[in-house]
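Protein sequences appear in the order of chains A and B. Residue numbering for the first sequence follows numbering that gives the first Met the number 0, starting at 0 and increasing by one per position. Residue numbering for the second sequence follows numbering that gives the first Met the number 0, starting at 0 and increasing by one per position.
Calculated directly from the structure, the hints in this document are not laboratory data. Mixed in with the good hints there might be a few duds.
Since the list can't tell identical chains apart, any single copy or any two copies may satisfy a pair.
[Claimed, not checked] Each computed EDC-like pair below joins lysine to aspartate or glutamate, with the alpha-carbon atoms no more than 16 Å apart: (1) Lys323 x Asp77; (2) Lys323 x Glu82; (3) Lys161 x Asp328; (4) Lys218 x Glu186; (5) Lys256 x Asp235; (6) Lys39 x Glu420; (7) Lys1 x Asp135; (8) Lys189 x Glu420; (9) Lys394 x Asp405; (10) Lys1 x Asp328; (11) Lys323 x Glu219; (12) Lys192 x Glu155; (13) Lys94 x Glu185; (14) Lys331 x Glu13; (15) Lys192 x Glu28; (16) Lys131 x Asp214.
Given the structure is predicted, the values throughout are model-derived calculations rather than measurements.
Protein chains: 2
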Amino acid sequence: MKFRFINARILTMEDPLSIIEGELHVDGEIITYVGAALEKVDTRFDQIIDCNGNVLMPGFKNAHTHSPMTFLRSYADDLPLQEWLFDKVFPLEAKLSGDDEYHLAKVAILEYLTSGVTAAFDMYYNPHLTAKAALDLGFRMVCLGTVTKYRESVAEMVEAYKSINGHPSSLISYQLGFHAIYTANEEILKELKVASDELNAPIFTHLAETQSEFDTSMKEHGLTPTAYVDSLGLWDHGGGGFHGIYVTEDDFSIMKKHRLAMVTNPSSNTKLASGIAPINAYLEHNIPVAIGTDGPASNNALDFFREMWLTSSLAKLQTSDAAKVDALDVLKMATVNGAHMMRLNNADVLAPNKYADIIMLDLAQPNMQPLNNIMKNIVYAGNKTNVKMTMINGKILYYNNVFYLDETPEEIYANAQAITERIKAEITNG
Amino acid sequence: MKFRFINARILTMEDPLSIIEGELHVDGEIITYVGAALEKVDTRFDQIIDCNGNVLMPGFKNAHTHSPMTFLRSYADDLPLQEWLFDKVFPLEAKLSGDDEYHLAKVAILEYLTSGVTAAFDMYYNPHLTAKAALDLGFRMVCLGTVTKYRESVAEMVEAYKSINGHPSSLISYQLGFHAIYTANEEILKELKVASDELNAPIFTHLAETQSEFDTSMKEHGLTPTAYVDSLGLWDHGGGGFHGIYVTEDDFSIMKKHRLAMVTNPSSNTKLASGIAPINAYLEHNIPVAIGTDGPASNNALDFFREMWLTSSLAKLQTSDAAKVDALDVLKMATVNGAHMMRLNNADVLAPNKYADIIMLDLAQPNMQPLNNIMKNIVYAGNKTNVKMTMINGKILYYNNVFYLDETPEEIYANAQAITERIKAEITNG
Numbered sequence: 000m001k002f003r004f005i006n007a008r009i010l011t012m013e014d015p016l017s018i019i020e021g022e023l024h025v026d027g028e029i030i031t032y033v034g035a036a037l038e039k040v041d042t043r044f045d046q047i048i049d050c051n052g053n054v055l056m057p058g059f060k061n062a063h064t065h066s067p068m069t070f071l072r073s074y075a076d077d078l079p080l081q082e083w084l085f086d087k088v089f090p091l092e093a094k095l096s097g098d099d100e101y102h103l104a105k106v107a108i109l110e111y112l113t114s115g116v117t118a119a120f121d122m123y124y125n126p127h128l129t130a131k132a133a134l135d136l137g138f139r140m141v142c143l144g145t146v147t148k149y150r151e152s153v154a155e156m157v158e159a160y161k162s163i164n165g166h167p168s169s170l171i172s173y174q175l176g177f178h179a180i181y182t183a184n185e186e187i188l189k190e191l192k193v194a195s196d197e198l199n200a201p202i203f204t205h206l207a208e209t210q211s212e213f214d215t216s217m218k219e220h221g222l223t224p225t226a227y228v229d230s231l232g233l234w235d236h237g238g239g240g241f242h243g244i245y246v247t248e249d250d251f252s253i254m255k256k257h258r259l260a261m262v263t264n265p266s267s268n269t270k271l272a273s274g275i276a277p278i279n280a281y282l283e284h285n286i287p288v289a290i291g292t293d294g295p296a297s298n299n300a301l302d303f304f305r306e307m308w309l310t311s312s313l314a315k316l317q318t319s320d321a322a323k324v325d326a327l328d329v330l331k332m333a334t335v336n337g338a339h340m341m342r343l344n345n346a347d348v349l350a351p352n353k354y355a356d357i358i359m360l361d362l363a364q365p366n367m368q369p370l371n372n373i374m375k376n377i378v379y380a381g382n383k384t385n386v387k388m389t390m391i392n393g394k395i396l397y398y399n400n401v402f403y404l405d406e407t408p409e410e411i412y413a414n415a416q417a418i419t420e421r422i423k424a425e426i427t428n429g
Numbered sequence: 000m001k002f003r004f005i006n007a008r009i010l011t012m013e014d015p016l017s018i019i020e021g022e023l024h025v026d027g028e029i030i031t032y033v034g035a036a037l038e039k040v041d042t043r044f045d046q047i048i049d050c051n052g053n054v055l056m057p058g059f060k061n062a063h064t065h066s067p068m069t070f071l072r073s074y075a076d077d078l079p080l081q082e083w084l085f086d087k088v089f090p091l092e093a094k095l096s097g098d099d100e101y102h103l104a105k106v107a108i109l110e111y112l113t114s115g116v117t118a119a120f121d122m123y124y125n126p127h128l129t130a131k132a133a134l135d136l137g138f139r140m141v142c143l144g145t146v147t148k149y150r151e152s153v154a155e156m157v158e159a160y161k162s163i164n165g166h167p168s169s170l171i172s173y174q175l176g177f178h179a180i181y182t183a184n185e186e187i188l189k190e191l192k193v194a195s196d197e198l199n200a201p202i203f204t205h206l207a208e209t210q211s212e213f214d215t216s217m218k219e220h221g222l223t224p225t226a227y228v229d230s231l232g233l234w235d236h237g238g239g240g241f242h243g244i245y246v247t248e249d250d251f252s253i254m255k256k257h258r259l260a261m262v263t264n265p266s267s268n269t270k271l272a273s274g275i276a277p278i279n280a281y282l283e284h285n286i287p288v289a290i291g292t293d294g295p296a297s298n299n300a301l302d303f304f305r306e307m308w309l310t311s312s313l314a315k316l317q318t319s320d321a322a323k324v325d326a327l328d329v330l331k332m333a334t335v336n337g338a339h340m341m342r343l344n345n346a347d348v349l350a351p352n353k354y355a356d357i358i359m360l361d362l363a364q365p366n367m368q369p370l371n372n373i374m375k376n377i378v379y380a381g382n383k384t385n386v387k388m389t390m391i392n393g394k395i396l397y398y399n400n401v402f403y404l405d406e407t408p409e410e411i412y413a414n415a416q417a418i419t420e421r422i423k424a425e426i427t428n429g
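Just chain A, with the same shape it has in the complex:
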């Protein structure tokens, strides 16, 4: 399909950030033109879309999530993290079977589309099922290893790395990862190091999320979580961490040495009372920060506007300085930085030859009016009612509140509800 978007305000996300007025063309999976309005075009387009002055920008990159965890959404709120994780989350997760994750991930993908998210970095067991959900709905998914001492083995991770990265579609890919140092052991992490060396691949993990994780690491290893992972050579090929709240100056040096990126998950960290990641310090150290929703069990929403607003505003609160972590830095985290961390270098900005992963933001909503500073207002006042269109890989999947998919949302909801009821019944019945 060839699309021509006219009368657009285009935020390409190329430096220096600015909004240009003009048009954008898509041919197949790829952007072919971004620039001033053209008087005459030679191409024949399948669809011409008048943006009416609305914003086109790259879709948001959800750089940390657990998509299939929709079944746990609002199942166990208002509990401390350790109790929530070990007493509520893990027992229900153990009841997942068959292709449950395939159906549960689809609910999350619908939510991403309504939130302007065009790609997710997804850490969960059975990544083949999540990848298949993404393929079937046309979503871009980077699956991630979830090695633990309880479930996924390094061998399973390596198998997933090879098979998902070997798939011909550009929509799905895979990176190495383990759940966290507190759900692994040294033997497994050493095995992981070997795999990383063999594949020459970066490693990602939950890192320094809670005070308790930090204290335990200091006690057991005499090292911060960041230094402990580094001591095993796990970042010799780069990678990064999720959360990154409890970090030291030495940890920042480790991150710089290995060119790591960090993903902040402010909703989850706030609601679970984990803490506030020192985003301003990351920026001062020039460590790339990306943004993630975390999973629907902890968050409970997969709403990128909430995460962007919090990334800036919590930094202002934390530093007692309303000038810190400007909205424009947050827009870069939400798009370019996420794409680069997820190795989606062709989905970072709007430019010729990049993937057509594009969202249209509706300025004719009252929260954007009157127009003063559109870029800042996307971060400070934007919400999901502003998402007018979500296009991935050159296909419009969501437009004017309607999904354009092979399945209806109602079918997807019904499957997820049935799985959720079954699992809760199994727990109740022991």
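Could you slot chain B onto chain A? The hints should help.
Frame of chain A; chain B shown alone:
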């Protein structure tokens, strides 16, 4: 008009909170039935609305805002509060003229409707203009005195109290208030005390919003802001404060003695780096808390879902306890507590003889799926795409993303944009 809503999940907000399945009737401005589905009804209805299992609940009460400040939305972000207020906000406000506030408030009212807000407690100059905007759009507005040493006098406030409260429509009313202790002086506050005694009326004000306000009050008066206002007898007829971040145990005693309520404005307080109000301590002291967006200049959105989520989640972060300030407490703050503080005792819950200020929340959105705990999920995952209908005083003003008003949003936006451009040009040209 007589409405019959069928197949609804109804969250009446009466204690103890629960969701009942059934139907709800509206006749004119008033709710006439809430309860189980009826096999047979004698009334003839003008409209029967099938809720398809969606939620009906009382509209949110925005208990602190400055509606006409839409012209300052995203005009001056990323600045410290004092600089933002004195160098940016006040100079532009001084350029307002004619019926500017009338047009600017209408943008905010559109935003309230999209956010499920059915009433606002509005502090701004020229309240007649804001009240007229509310009347013309059918919105419920409680205007509030904004006495300062620079602008609104006590005499002007008393005139507005009498004329707005004397208006025959139930949609508009007025309460006494002054901007803050740092924009008043003792002579004015003593005048205000006399007016409050004569009218036997409560008083509301910005209170204890910043550390600097607290420190200045201690230095100038030897009293906390709360104790200083109390020392002048300003709360002898009750009332309350907005923000309430910097408060002491003695301040809580003052609040209890005068049965004051406090409105928290978490977005504004976070983004302006003012601090986190100790909501858990308010609850432990049984002091009623309501929720407000603050104005679009500071926030920048008027999004009640953001405020509800923050009210709970920031309290969890502040206390390092994810179990604190439960979502159900937040739902009460957002509806019943706000209504009572604003003296809208007939708009607090869904019950016969109450005003038909009702919202319908769409559960067929991915952020609400699958269904586990609907009440908690409204707070933790809800967003504006869930607002399917906003009814005020028995009239549907917003339904399925369309406004039902005498004016189009585009007309309202154009007026606000023209005013904003004019004011910015006046500032640029000196």
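* Which of the listed hints are not met by the structure? -> Violated hints (numbers, rising): 3, 4, 6, 7, 8, 10, 11, 13, 15 and 16; every other hint is consistent with the structure.
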